[in-house]
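J.: Note that the protein sequences, when read in sequence, are chains A and B.
At position 146 of the first sequence the residue is numbered 150 (the working numbering), and the sequence of numbers has no breaks.
At position 289 of the second sequence the residue is numbered 293 (the working numbering), and the sequence of numbers has no breaks.
I should point out that these hints are in silico values taken from the structure, not numbers from a laboratory.
Treat each hint with caution, since some may be false.
No copy labels: a pair is met if it fits in one copy or bridges any two.
What the hints assert, rightly or not - Within a straight-line C-alpha distance of at most 30 Å, the following computed DSS-like cross-link-like pairs (lysine-lysine) qualify:
#1 391 to 153
#2 334 to 108
#3 153 to 178
#4 153 to 24
#5 234 to 154
#6 363 to 26
#7 64 to 117
Number of protein chains: 2
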Amino acid sequence: MHEVKSIFEPRSTVLIGSSKIKEKVGMTSPQLFKSVTYNMRKFFRGKTYVVDVDGEAGHKSVSKLKEIPELAVIMLPPEHSLEAVEKCAEKGVKAIIAITGGYKNHQRKQLLKIKEKYDVRILGPNTIMGVINTANGLNTTFEKNVMPKKGNIAVISQSGGVGACLLDWACFYKIGISKFVFVGDKVDVDDVDLLRYFGKDKQTKVVCLYMEGIKKGRQFIEEAQKIVKKKPILALKGGITREAALRAKSHTASIAGSDEIFDAAFKKAGIIRVENIEELMDAAIALSKQPPMRGDNVAIVSNVGGPAILAADAVAKNMLRLATLSENTKRKIERLFPGVDATNPIDMIADARAERYEKVLDLVLADKNVNGVLVINMLKSTFFEPKDAEVIPKIAKKHPDKPVVDVPAGGEDFALVYQVLGKTNIPLYNLPEKAVKALKVLRIYGKIIEKR
Amino acid sequence: MHEVKSIFEPRSTVLIGSSKIKEKVGMTSPQLFKSVTYNMRKFFRGKTYVVDVDGEAGHKSVSKLKEIPELAVIMLPPEHSLEAVEKCAEKGVKAIIAITGGYKNHQRKQLLKIKEKYDVRILGPNTIMGVINTANGLNTTFEKNVMPKKGNIAVISQSGGVGACLLDWACFYKIGISKFVFVGDKVDVDDVDLLRYFGKDKQTKVVCLYMEGIKKGRQFIEEAQKIVKKKPILALKGGITREAALRAKSHTASIAGSDEIFDAAFKKAGIIRVENIEELMDAAIALSKQPPMRGDNVAIVSNVGGPAILAADAVAKNMLRLATLSENTKRKIERLFPGVDATNPIDMIADARAERYEKVLDLVLADKNVNGVLVINMLKSTFFEPKDAEVIPKIAKKHPDKPVVDVPAGGEDFALVYQVLGKTNIPLYNLPEKAVKALKVLRIYGKIIEKR
Chain A
5 MHEVKSIFEP RSTVLIGSSK IKEKVGMTSP QLFKSVTYNM RKFFRGKTYV
55 VDVDGEAGHK SVSKLKEIPE LAVIMLPPEH SLEAVEKCAE KGVKAIIAIT
105 GGYKNHQRKQ LLKIKEKYDV RILGPNTIMG VINTANGLNT TFEKNVMPKK
155 GNIAVISQSG GVGACLLDWA CFYKIGISKF VFVGDKVDVD DVDLLRYFGK
205 DKQTKVVCLY MEGIKKGRQF IEEAQKIVKK KPILALKGGI TREAALRAKS
255 HTASIAGSDE IFDAAFKKAG IIRVENIEEL MDAAIALSKQ PPMRGDNVAI
305 VSNVGGPAIL AADAVAKNML RLATLSENTK RKIERLFPGV DATNPIDMIA
355 DARAERYEKV LDLVLADKNV NGVLVINMLK STFFEPKDAE VIPKIAKKHP
405 DKPVVDVPAG GEDFALVYQV LGKTNIPLYN LPEKAVKALK VLRIYGKIIE
455 KR
Chain B
5 MHEVKSIFEP RSTVLIGSSK IKEKVGMTSP QLFKSVTYNM RKFFRGKTYV
55 VDVDGEAGHK SVSKLKEIPE LAVIMLPPEH SLEAVEKCAE KGVKAIIAIT
105 GGYKNHQRKQ LLKIKEKYDV RILGPNTIMG VINTANGLNT TFEKNVMPKK
155 GNIAVISQSG GVGACLLDWA CFYKIGISKF VFVGDKVDVD DVDLLRYFGK
205 DKQTKVVCLY MEGIKKGRQF IEEAQKIVKK KPILALKGGI TREAALRAKS
255 HTASIAGSDE IFDAAFKKAG IIRVENIEEL MDAAIALSKQ PPMRGDNVAI
305 VSNVGGPAIL AADAVAKNML RLATLSENTK RKIERLFPGV DATNPIDMIA
355 DARAERYEKV LDLVLADKNV NGVLVINMLK STFFEPKDAE VIPKIAKKHP
405 DKPVVDVPAG GEDFALVYQV LGKTNIPLYN LPEKAVKALK VLRIYGKIIE
455 KR
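Only chain A is shown next, with the shape it has when bound in the complex:
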């Protein structure tokens, strides 16, 4: 059996569409065909052939191409797609992405038959956006010129809409992505295949899943159990309520299953469950940039009082603990900076600049009672300047076994500090509560690794 590798890392590709057919339900459209053509030609660093079945010039059939491409991307209505898939498979294409939707059950079965007959791998149908691989530039989405930043977070989305939202989020907030895959109806390639692939993929450090339903539950759990020893897996589950589950069924032809079953399965698999798209991305950023947390004790280092109090509240609400600093650490801080009360949460006072952050953060990270640090550096109502934040990654690097997250709380304050720290290994959050949730995920992953 061919591996799903051909879907992400083909040497050559062919895009098969129509410049004439427009179909509402399945999203076959000349305009979308144009956009995918644009993206594949612009970004993909291998060879891309384009077949327009209704074109007046150029390629009208796969048979006439000089070489047999490794991957075919097909965006035609079901009947035409089935024909094209069979022709490609016959010719020796190794993998197929069936972009368009609107397949009936018997048509899905036909796809499966072709797959079995020719040993070709099929992603979809109804994947809508297909795949993105930032390493080789493969981009089969129809969002013209939308390409996320290279990084090490992989995203598997069962839904086109949720996937598109995650993609939009990743691009807008400049989150580093290794691969994106929209799975759609999963007639062939499924979560198990994709997990296995991402488990081995060198560009991927964290795997994010949006799922509505699951097939092959046991295999899924077993595969995840293997992977989480080395790479964390995050999951957002849609369709947890009865009504939503019914909608999910008509949406991606999947059986959503009861929420409790999923919760238990995720726990067994070592998969970390999150509650929404923002939490999924926030957690992925933390896991991709910082080490797991090896104990529950969080220190808070801040230049403002109130937000530090909110952070301390969030620590307790998220089943973490406020670290009790050693007397030695406290004494050192208070001697260095008279006026600062070094009881955790540490309020370093509004005039704290780079030097105070550097020294206090260093002392706190060196304290054996501390397992992770949440830094708050607001600009408004304080003397802090964005450039002062540079000391945070510098000191964090000295203590590579303890996670550090940063909160330049607010709107503009966040944006300004992001300009300084966005490309470093320090995850940034615009509110203390979000940073605490990120630390919680780092702690959960710490426990998952300890157990296995």
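Dock chain B against chain A, hints included.
T.: Relative to the frame of chain A, chain B by itself:
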């Protein structure tokens, strides 16, 4: 007794500071004095005098001013402040904002004595940022040139840091503000005074509170009970855990009190409690723009499947219900738009444009089984264009008794639709879950009004 009105609506003001004294703890500083001078002169539309007690030229004392200002803003260290406060009070100044902190207990008591002797109202000390009134331009904060957009949300913050974060958030996301007040140590003016004032303030439609502790609990509850009949009050409480509460005590000299007591008090008072700064602002926007929700039934109208499923999940998690559309509504929608399955959550399919949104939204809002609508209009992976969103406020206006919130889910998608709808009465959220929480708050406020 003078009303706190003089703090927000003085005819004239005097700012008293020093161009020489620099004090770390209380934040007396020539630089901050300069910034406040800048803001008061630039924005305030009444007369502003500036007294520099260490200045080499110009006013060095309040006694020498031609007129007695109604409000004095004092940013000197405690000892000097006390002197200045007494002198101002003696001269007939009606209200004082004591910006700087670092007061000892006996100094706070002295302030209180002056207040009693001269019947002057004192905000602070340790208010750090003082007040903003977008109606007359009064702005005593030291964030140079930072002024929120005019609107009808009032913010009362006990913490300078949390208040500054809220201010930064409001400015960055262009949230309309009526007044901002940083209460600090509350020797005189307290939450009860401020609630009473905002209850009557014509510019204010929603009151937001960040509080750590409370004095005069019973009065606070009684005052709130009166106000919430006409204006909703939202509260974020800091210091709910023991450790955070201890820090809150040293931070603003308040007794944080047990979380359960606060929860019960908020409920009794009809105050809606939120969990973090973003939720506070999200809820305030909803309450300032949309009517309360008069029942639990939410309809979801979307151009993507997955995000609608996440919205449906959130509806159930937030103790709301997915509305069951009447057969009549469903039939009409399905007849108008073949291919659309009008079961709530309604997936209008990715090619839905303005016309489909307009007609479906109108039919859904007219359905008596529906109490509020959550609209999802993603751009990525769909045919929707930002300008199409203009039909949403248009149709919402036809049904003024039912709230409508909008979710252009994602990063760039949200920003693009915000450009079109940001100034309208439609609250926008970047994720379905946040919009559902906003509807939940509108529902809670609906219940509060029904009860009273």
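J.: For which of the previously enumerated hints does the structure constitute a violation, in increasing order of number?
T.: Checked against the structure, the only hint that fails is number 4, while the rest are satisfied.
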